[in-house]
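Take the given structure of chain A and dock chain B to it, following the hints.
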Amino acid sequence: MMQRKWKITALLAVTLLTGNVYASAAEYSLDNDFLSWLFDFQRTKGVKPVSDKQYQEECGACHFAYQPGLLPAKSWEALLNDKALRNHFGANAELDKDALKDIRDYAIRNSAGNSWYKQSRKIAVATENGPTPLRITDLHYISRKHHEIPEKMIQGNKDVKSLSFCDKCHTQAAKGVYDADTVNIPHYPNWDGWFNK
Amino acid sequence: MTCRIKFGNAVAGICLAASSGMVYAQGTAANLELPTDASIYTRNAASLNSTSFNSSPYLLAANQNDAAVQGKPDLMPATPAPEYSPPWLTGRKAHQYLGLGTLVFAGLTALSSPGEGCEHNCPAVTAPRQTSGTTHTRFARTTAVLAVATVITGLIYHWDDFHLEDGFSDPDNQHVMLAGTGALLMLYAINKSAKSSVPTSHAGLAELGAASMLVAVKLTW
Numbered sequence: 004m005m006q007r008k009w010k011i012t013a014l015l016a017v018t019l020l021t022g023n024v025y026a027s028a029a030e031y032s033l034d035n036d037f038l039s040w041l042f043d044f045q046r047t048k049g050v051k052p053v054s055d056k057q058y059q060e061e062c063g064a065c066h067f068a069y070q071p072g073l074l075p076a077k078s079w080e081a082l083l084n085d086k087a088l089r090n091h092f093g094a095n096a097e098l099d100k101d102a103l104k105d106i107r108d109y110a111i112r113n114s115a116g117n118s119w120y121k122q123s124r125k126i127a128v129a130t131e132n133g134p135t136p137l138r139i140t141d142l143h144y145i146s147r148k149h150h151e152i153p154e155k156m157i158q159g160n161k162d163v164k165s166l167s168f169c170d171k172c173h174t175q176a177a178k179g180v181y182d183a184d185t186v187n188i189p190h191y192p193n194w195d196g197w198f199n200k
Numbered sequence: 055m056t057c058r059i060k061f062g063n064a065v066a067g068i069c070l071a072a073s074s075g076m077v078y079a080q081g082t083a084a085n086l087e088l089p090t091d092a093s094i095y096t097r098n099a100a101s102l103n104s105t106s107f108n109s110s111p112y113l114l115a116a117n118q119n120d121a122a123v124q125g126k127p128d129l130m131p132a133t134p135a136p137e138y139s140p141p142w143l144t145g146r147k148a149h150q151y152l153g154l155g156t157l158v159f160a161g162l163t164a165l166s167s168p169g170e171g172c173e174h175n176c177p178a179v180t181a182p183r184q185t186s187g188t189t190h191t192r193f194a195r196t197t198a199v200l201a202v203a204t205v206i207t208g209l210i211y212h213w214d215d216f217h218l219e220d221g222f223s224d225p226d227n228q229h230v231m232l233a234g235t236g237a238l239l240m241l242y243a244i245n246k247s248a249k250s251s252v253p254t255s256h257a258g259l260a261e262l263g264a265a266s267m268l269v270a271v272k273l274t275w
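So the protein sequences, as listed, match chains A and B. Under this note's numbering, the first residue of the first sequence is numbered 4, with each subsequent residue one higher. Under this note's numbering, the first residue of the second sequence is numbered 55, with each subsequent residue one higher.
Among the hints, erroneous ones may be present.
What the hints assert, rightly or not - Derived Cβ-Cβ restraints for the label pairs, each shown as a range: (1) B/LEU238 / A/GLY63: 45 to 51 Å; (2) A/LYS86 / B/MET231: 41 to 47 Å; (3) B/ILE210 / A/GLN45: 24 to 30 Å; (4) A/LEU38 / B/THR189: 32 to 38 Å; (5) A/GLN59 / B/LEU154: 30 to 36 Å.
Said to hold, decoys possible - Calculated lysine-lysine pairs in the BS3-like style (CA-CA distance at most 25 Å, straight line): (6) A/LYS148 / B/LYS246; (7) A/LYS148 / A/LYS178; (8) A/LYS100 / A/LYS86; (9) A/LYS48 / B/LYS246; (10) B/LYS249 / A/LYS48; (11) A/LYS48 / A/LYS148; (12) A/LYS161 / A/LYS56; (13) B/LYS272 / A/LYS178; (14) B/LYS272 / B/LYS147; (15) A/LYS148 / A/LYS77; (16) B/LYS249 / A/LYS148; (17) A/LYS178 / A/LYS48; (18) A/LYS56 / A/LYS86; (19) A/LYS100 / A/LYS56; (20) A/LYS161 / A/LYS148; (21) A/LYS100 / A/LYS77; (22) A/LYS77 / A/LYS178; (23) B/LYS249 / A/LYS178.
By construction, these hints were calculated from the structure, which means they are not laboratory data. From the three backbone atoms N, C-alpha and C, an ideal C-beta is built for every residue, glycine too.
For reference, chain A alone in the conformation it holds in the complex (with noise of 0.2 Å):
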């Protein structure tokens, strides 16, 4: 009985083990790969990083640049095109034709719908029906998770200022980690409590 025990958990963990070194070979190209995903450890919590060296050098530029799995892709198609780019949200940020293709492209592919990510996948579930969301912070997901939070330590906050600067407080938002326990936001350290903790 033992025997047959051991064999079974010897065969469940080679599975995993090779499913994680699948994964690792797929160079963690989860998106859109559901085996990739079920077999794979990497913690998939947040959203995905920017990968595309063009997306953050364009977007960055300018502002963090949002992870496109903040978004659903039709937000990415309202955003991302010539007219929309010509007043983004009061700036010109017109991009020349094939640049906005592969950032198009790339918004599109690893938008929230498109992502195993869980704060994507929760994205994709909130903005499934009803209008277009815009803003990042216009979206009831995000403003319902930040709606404890005072205004004195965002927009009285003159290191924060608004919470469209995700990075401000969300110390490893670059690498698409948005959980309350990397949370820093400046001037108050304790913001949590130590209960909340």
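Only chain B this time, still in chain A's reference frame:
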């Protein structure tokens, strides 16, 4: 009975030690206010009196329209946050470790099973069935304690991730349902076995519970 009391004391001791450790691990000034339900809503009450930025001092962050930064809106160079090391132990991490511990002990329980389990045509039992004191029962009870602790810490520290309005397809809701069901199944299996003086089939339920917890962990990993 003595063994149970000792086991209970040991578990209580571990819980107290873990609780104390969590507080000290924060490395922050201890706030000795008793954490009550109400404190969740009033802990930032000081901001109600703040008049430093406008006439409605307790506007919630989510309601902002970026008016505060208009004129120099989102298009600012990204500046990385200062170096910050997240605490190694928090309530949320404790929940994570307890959940993983539950799975490990569930596996050990399955491996240490004496191989009994019989509903029909059971062989004659020559010695009284042991429902405590064996490696298998100790692992099983530890699993149960860890499962309960995981559920409790999950409810406390991840309460704001669980919203019925998000429906069954929401990963956090799925996590709660599967992990909760898994814990209940394991507890039921242990209870079923502990109360039976004859060999009884309970492994299937317990394994189903463990599998349910495993899927729950994966969904939010």
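Where does the structure disagree with the numbered hints, that is, which hint numbers, in rising order?
6, 9, 10, 12, 16 and 23
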